[in-house]
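Single-letter residue listing:
Number of protein chains: 2
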Amino acid sequence: MDATTKTCTPINFAEKLSLIAEHWPPRVIAELNDYQFKIVRIEGDFIWHDHKETDEAFIVLEGTLRIDFRDGFVALGPGEMVVVPKGVEHKPFAAGEVTMLLIEPRGTLNTGDEGGGRTAQNDRWI
Amino acid sequence: MDATTKTCTPINFAEKLSLIAEHWPPRVIAELNDYQFKIVRIEGDFIWHDHKETDEAFIVLEGTLRIDFRDGFVALGPGEMVVVPKGVEHKPFAAGEVTMLLIEPRGTLNTGDEGGGRTAQNDRWI
Numbered sequence: 017m018d019a020t021t022k023t024c025t026p027i028n029f030a031e032k033l034s035l036i037a038e039h040w041p042p043r044v045i046a047e048l049n050d051y052q053f054k055i056v057r058i059e060g061d062f063i064w065h066d067h068k069e070t071d072e073a074f075i076v077l078e079g080t081l082r083i084d085f086r087d088g089f090v091a092l093g094p095g096e097m098v099v100v101p102k103g104v105e106h107k108p109f110a111a112g113e114v115t116m117l118l119i120e121p122r123g124t125l126n127t128g129d130e131g132g133g134r135t136a137q138n139d140r141w142i
Numbered sequence: 017m018d019a020t021t022k023t024c025t026p027i028n029f030a031e032k033l034s035l036i037a038e039h040w041p042p043r044v045i046a047e048l049n050d051y052q053f054k055i056v057r058i059e060g061d062f063i064w065h066d067h068k069e070t071d072e073a074f075i076v077l078e079g080t081l082r083i084d085f086r087d088g089f090v091a092l093g094p095g096e097m098v099v100v101p102k103g104v105e106h107k108p109f110a111a112g113e114v115t116m117l118l119i120e121p122r123g124t125l126n127t128g129d130e131g132g133g134r135t136a137q138n139d140r141w142i
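Chains as they are written, first to last, in this note's numbering: chain A, 17 to 142; chain B, 17 to 142.
One chain only, chain A, in its complex shape (with noise of 0.2 Å):
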């Protein structure tokens, strides 16, 4: 990583995850026009949940992230992502630990339209 601009600056994954000790909350790293990246670490279960407005992309870092639908499941490791279509109910799952991006519209929440203990504060930047 190297910049000598400053019309914008080169972001690290691994960087912006060693700020990050605590699970589930996405951290905001970047915007494109009105979409978000957020970067998160989680291990365990999540809870079901769907995304009435908007389609939700995931790309792997680390680990092996399994999401459950109603109707089955994905697991995907490092250099793999999916795109869950808006109003599809998933449930994220990491047997052990994983890092991930999270791609999406500024405003989404974790829990979508759930609600509930899990949800975590929004748009909090790393």
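When chains are identical, the list treats them as one kind, so a pair holds in a single copy or across two.
DSSO-like mimics (lysine-lysine), calculated; alpha carbons at most 27 Å apart, straight line:
id : residue 1 : residue 2
1  : K68       : K107
2  : K22       : K107
3  : K32       : K22
4  : K102      : K22
5  : K22       : K68
In short, the hints are calculated from the structure, not lab data.
Quick caveat: nothing in here was measured; it's all calculated off a predicted structure.
Keeping the supplied structure of chain A fixed, place chain B upon it in accordance with the hints.
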């Protein structure tokens, strides 16, 4: 990568890249609402261009990507990304081969508003 659901299909970047020999033309691998994820294999110099209507995200998978701006440059390796703001002239360059992801709205041309012989056919899926 594993899936037992019809809801959505995981995408493996290396697998998609293995289907591309040609340098420069981006291929769409996924859509997130009206945004597209494209993979591209590049080497050498591109042309100066900008995208008047949109920011553009680059995520490097392999190699070292340099993006020149009128006031300097950034250089990024695997596990790094940058968002080039809309309207900012830039010129990608790869001394050796680079593979990367582009994330941008559907309809974004690789040469932006510049046109010319380096303009790739848009919306080609792989």
